[in-house]
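Q: As a plain string of letters, each chain reads:
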Amino acid sequence: MNLSVMGKISTVFKYLFSSFISLNLFILALLLFLLLLFNIKRKSKYVHYIVLVIYVAFMLSIFIASPAYIGYSIDSFIKGIMKYIYFPSTVAYFFIMLFCGGMLIYSIYSKKLTKFKRIFNYVTFSIMFFLFTAFVVVVTYNKLDIRVLELLYKNDTVLSIVQISNFILFGWIIFTLFYKLYNYFKKNYDKKNED
Amino acid sequence: MRMRNLRFLNKLKRKEYKKSHLLIFGSLLVFMGFFFLSFNHLAKLREQLFSDMLLSMYGYGNQESKVKAPIAKNVSDGTVYNQKNIDFSKYLGVLSIPKIGLRRGFYNLDSKYNSIEYNVTVVKGSTMPDVAGGNLMLMAHSGDAYISYFAYLYRLNIGDNAFVTYNGRDYKYGLVNVYNVPKNGKVKINRNFDRTTLTLITCTKDDSTKQTVYIFELVG
Numbered sequence: 016m017n018l019s020v021m022g023k024i025s026t027v028f029k030y031l032f033s034s035f036i037s038l039n040l041f042i043l044a045l046l047l048f049l050l051l052l053f054n055i056k057r058k059s060k061y062v063h064y065i066v067l068v069i070y071v072a073f074m075l076s077i078f079i080a081s082p083a084y085i086g087y088s089i090d091s092f093i094k095g096i097m098k099y100i101y102f103p104s105t106v107a108y109f110f111i112m113l114f115c116g117g118m119l120i121y122s123i124y125s126k127k128l129t130k131f132k133r134i135f136n137y138v139t140f141s142i143m144f145f146l147f148t149a150f151v152v153v154v155t156y157n158k159l160d161i162r163v164l165e166l167l168y169k170n171d172t173v174l175s176i177v178q179i180s181n182f183i184l185f186g187w188i189i190f191t192l193f194y195k196l197y198n199y200f201k202k203n204y205d206k207k208n209e210d
Numbered sequence: 025m026r027m028r029n030l031r032f033l034n035k036l037k038r039k040e041y042k043k044s045h046l047l048i049f050g051s052l053l054v055f056m057g058f059f060f061l062s063f064n065h066l067a068k069l070r071e072q073l074f075s076d077m078l079l080s081m082y083g084y085g086n087q088e089s090k091v092k093a094p095i096a097k098n099v100s101d102g103t104v105y106n107q108k109n110i111d112f113s114k115y116l117g118v119l120s121i122p123k124i125g126l127r128r129g130f131y132n133l134d135s136k137y138n139s140i141e142y143n144v145t146v147v148k149g150s151t152m153p154d155v156a157g158g159n160l161m162l163m164a165h166s167g168d169a170y171i172s173y174f175a176y177l178y179r180l181n182i183g184d185n186a187f188v189t190y191n192g193r194d195y196k197y198g199l200v201n202v203y204n205v206p207k208n209g210k211v212k213i214n215r216n217f218d219r220t221t222l223t224l225i226t227c228t229k230d231d232s233t234k235q236t237v238y239i240f241e242l243v244g
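Chains as they are written, first to last, in this note's numbering: chain A, 16 to 210; chain B, 25 to 244.
Hints are all accurate, no fakes.
Derived lysine-lysine pairs resembling DSS-like cross-links, with alpha carbons at most 25 Å apart: (1) A:195 - A:126; (2) A:201 - A:130; (3) A:130 - B:42; (4) A:94 - B:68; (5) A:98 - B:68; (6) A:127 - B:42.
Anything over 12 Å on all C-beta distances counts as not near chain B; from chain A, calculated: (7) 19; (8) 20; (9) 27; (10) 76; (11) 113; (12) 122; (13) 133; (14) 147; (15) 149; (16) 152.
Please keep in mind that the hints were generated in silico from the structure rather than gathered at the bench. All residues carry an ideal CB built from backbone N, CA and C; glycine is no exception.
Turn these sequences into a full structure, and let the hints steer you where they fit.
A: This is the structure:
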């Protein structure tokens, strides 16, 4: 448990040479790396495809060998995201608001944004700021402990404010992603009509 | 200006659809399709999250833990259930099985929420973990619906642990036996009467004619 960095490295090396399979995995990773390295000059597309196929096959074999682990990892990841949406820690909520502040400043000064997107951003972040201020006011007025989430979220007003602001942010993220995707399609796929 | 208007009108007449519109519409359809397909699973994860949070709120700490019974089914999307608001402060105890991420409270036998249509259900004839030689019997649906709390019991192996929190005390059980019985409203319980046991009953995976019984014995 209390190994030094050198201790941890030596433990990994011991594992590396402890069995046939670990040695094989190491050699495979080393070969892939060397293949890509030497291909930098040659720029052969076939090497890229081969390495990609090997990597995908490797990942698929892990998925097939340990489906429960993969399922558990994905479920935990999704639950983690849901926890940030429904019951964010106050630290996370604070950093979410900093992010909104940054995006608001970007919206004000960016020359690339369209009028529509700019207005959409202003509306979203104005609501977010109002909700965050309301959150701070309610917590202060009710003398709630922001460190203990279980006690904090027993208050329905605080819970509603936090969840609604996270839903709005989530909606903004989804909308922005699709907006960027639309701009990408427009730039790369729409015919340029000859006027 | 006139030329621009003419061009616009011509476009409308020809009903030109831009590729970008089609592509974004297709992307939206894919996204919505993926969302609807995974909706039930997401709802189940959300329910687990809310359950954990509400259990934490009401004082339950984290921990790594031939009866006449209602018939547990493999329930899926098509069935509609009336979800009433559940009062978590009235849990009698909590069942948790760390291996499958199950953590769910159960109600008193007399509670209106002690129903397989809402929750993990205490079966009539059960005794609580503090009764030596007794047997706590819990039932729930399997399948992929919102209330399929025992959906992943089939992943358990002999020796896996389950925990029951009751009256402020944690009881640790180890799985000793798994067997199937026909689904006919009666469940045969094969257990050691000298040991305090926990019995979980649910519908057998991929078999709508049988129920699976999981017998756990108290180990600590």
